[in-house]
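J.: Top to bottom, those sequences are chains G and D.
Take 93 as the starting number for the first sequence in the working numbering and just add one per residue.
Take 93 as the starting number for the second sequence in the working numbering and just add one per residue.
Not one of these hints is a red herring.
Which copy? The list can't say, so a pair holds if one copy fits it or any two copies do.
Below are the SDA-like pairs computed for lysine to any residue, each with C-alpha atoms no more than 25 Å apart in a straight line:
id : residue 1 : residue 2
1  : K314      : L410
2  : K406      : D108
3  : K308      : T188
4  : K399      : F126
5  : K406      : L107
6  : K185      : P300
7  : K406      : N383
8  : K170      : I303
9  : K184      : V248
10 : K185      : L316
11 : K244      : C374
12 : K406      : G120
13 : K342      : L150
14 : K184      : H121
Since the hints were derived computationally from the structure, they do not count as laboratory data.
Keep in mind the model is a prediction, meaning the values are calculated, not measured.
Spelled out from the first residue to the last, the chains are:
Number of protein chains: 2
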Amino acid sequence: MLPEEVLREAQTELLDWHQTGMSIMEVGHRGRAFQSIVEQTEADLRELMDIPDNYHLLFLTGGATAQFSMVPMNLFAKKNHADYIDTGIWSKKALTEAMRFGQVNIAAQIEYQEGLACIPKEEKWSLNPDAAYVHYTPNETIEGIEFNSTPKTGQVPLVADMSSSILSQPINVRDFGIIYAGAQKNLGQAGISLVIIRDDLVHEPAIPTPILYSYKLHIDNKSLYNTPPTFAWYILGLTVAWVKRQGGVKTFAEINQHKAQTLYHFIDSHHEFYNNTVHPDCRSRMNVPFNLSQVNLTETFLQAAEKEGLTNLKGHRLAGGVRASLYNAMPQQGVDKLIEFMKDFARTHG
Amino acid sequence: MLPEEVLREAQTELLDWHQTGMSIMEVGHRGRAFQSIVEQTEADLRELMDIPDNYHLLFLTGGATAQFSMVPMNLFAKKNHADYIDTGIWSKKALTEAMRFGQVNIAAQIEYQEGLACIPKEEKWSLNPDAAYVHYTPNETIEGIEFNSTPKTGQVPLVADMSSSILSQPINVRDFGIIYAGAQKNLGQAGISLVIIRDDLVHEPAIPTPILYSYKLHIDNKSLYNTPPTFAWYILGLTVAWVKRQGGVKTFAEINQHKAQTLYHFIDSHHEFYNNTVHPDCRSRMNVPFNLSQVNLTETFLQAAEKEGLTNLKGHRLAGGVRASLYNAMPQQGVDKLIEFMKDFARTHG
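Chain G with its partners taken away, still in its complex shape:
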């Protein structure tokens, strides 16, 4: 889902961007026109996220999946072992990929307490103080599990896959070595990803690495070594500008908190019909997965919802059930409409 304002802006200037007589899809990536987008996007992101000068911003392709490879291929240059926190399917994908290039220590894994999924407390993690880095996934979109604070890893750089949580609340960038995010949740459209990397972590990769998988190459070339996905970059820029106009990440933190609370509260107060199996301490603000107690009603629920314009509610193919995604572009009214529908559905099928 994208903000309608962003889509309308893109539509209006699709054939003539800023009186250039050209579509943004046609302007050269080394020309003045595109350069102004590059600079504005970086400036807006630095302001919104308070990114210090010793961090580089990169705009790359391949989504988070490419980062699952790039992180170890680049960070294993000095020592080739790292700690991973396994909280769900995305964490597992990241750590499985890292195993191709070095040693992975699973320092912590999701636990179940009375049927509820929990992230184990940090004092129980088996972190290696000599690891190249610690990798974690602040929000697991499929299971709907989210960290409610940033882990402390001391001198070991913390690497975070923020694909599904970036710009959804304030974070302290200084706590991280690398932050990466595919754009398609909170940053616009698929086809581009943002990487924020601390200066001291930039080295030549030690193993034979495809040229586009070197952070150093992209930093040296300001993400313009090869033709970038210019249109996706432009939409990212419009989305970031929209976040700024709405009041920035603090505003979205409040809105997102409220959207999630409303929906979890409704589910919990209708537990005879709907249920979510994540411990309240680590419930995701971005993705609310739930099941119907009468599992065989799931398809009926999804079809009836779609008729009401409530789309994209099907749970991930690996999880089933229902999942409501509450990214920045989803307004409170969308959540209220969903709750109304769920109330009606429970009444008529309960």
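Chain G is fixed; fit chain D onto it per the hints.
T.: For chain D alone, kept in the frame of chain G given last:
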């Protein structure tokens, strides 16, 4: 440059694609809506290029540069040496990258006859009959050098970087092992690339390869292993459909031939003012680079041209001078307008 028809279609349906109430930027890549784009695009390409069933079509990210790595990383699985034909800057980029992963034999290199660049005759190439593949670049965009026929490599698979020539004229796909092309010239917008690969060349890569650099993975997942650049894929689909509506690649071959002939003829008949230094046998139909005899007039020429709406004429930063790109989306009138301008400029500055 994109066809105006394609841009208008994209603009019209940007907020509501095919009565779904959603932008194509918002539809899920595993849903029915996007699936219909995937299928139509593949069917159109198979028809336009007459692609046999034993070839797979892949839609990937990273442009041609990613293919410079993927080709050796995947094809060196059985033997790790290949032949490369070096005809310019893009060939050199491809072969330099291949050297990271195995042995490269430069089987032929551009020659100069009386100051004109020539591709050496095939009988002079030092091809290795045991090579994993032969790689070449049918059209070099920076130097404006193009092969006028497909090289014969016998049993050794031929790999071609067709980024700047795909869909510009009929080719026999059966002559090739792999054809790849970044989309931004003749296939739409930057951010997606097309790979056409013969079935028998698909293996597990032998060396540690990032997951997204395995052809096999993408074939097994129909290019949907991770979130693809859905909007760029959609624009590619619209562009391919437009090529079909215009009459297909044969029509474009004629138009492109005529556009190039007109421009080269004008340059040659004004050689006291403009000059192109490529031998007529291998002049590019897609990119016409030329210099002004009075080199110090180049900037004046480019600025005056831009005032007339003739943009993107600056030669590549590695080559300088002037370059007219005549991809499919450039109509004959565009070339005629350029020639009129060049005539006037020569008259007033000659």
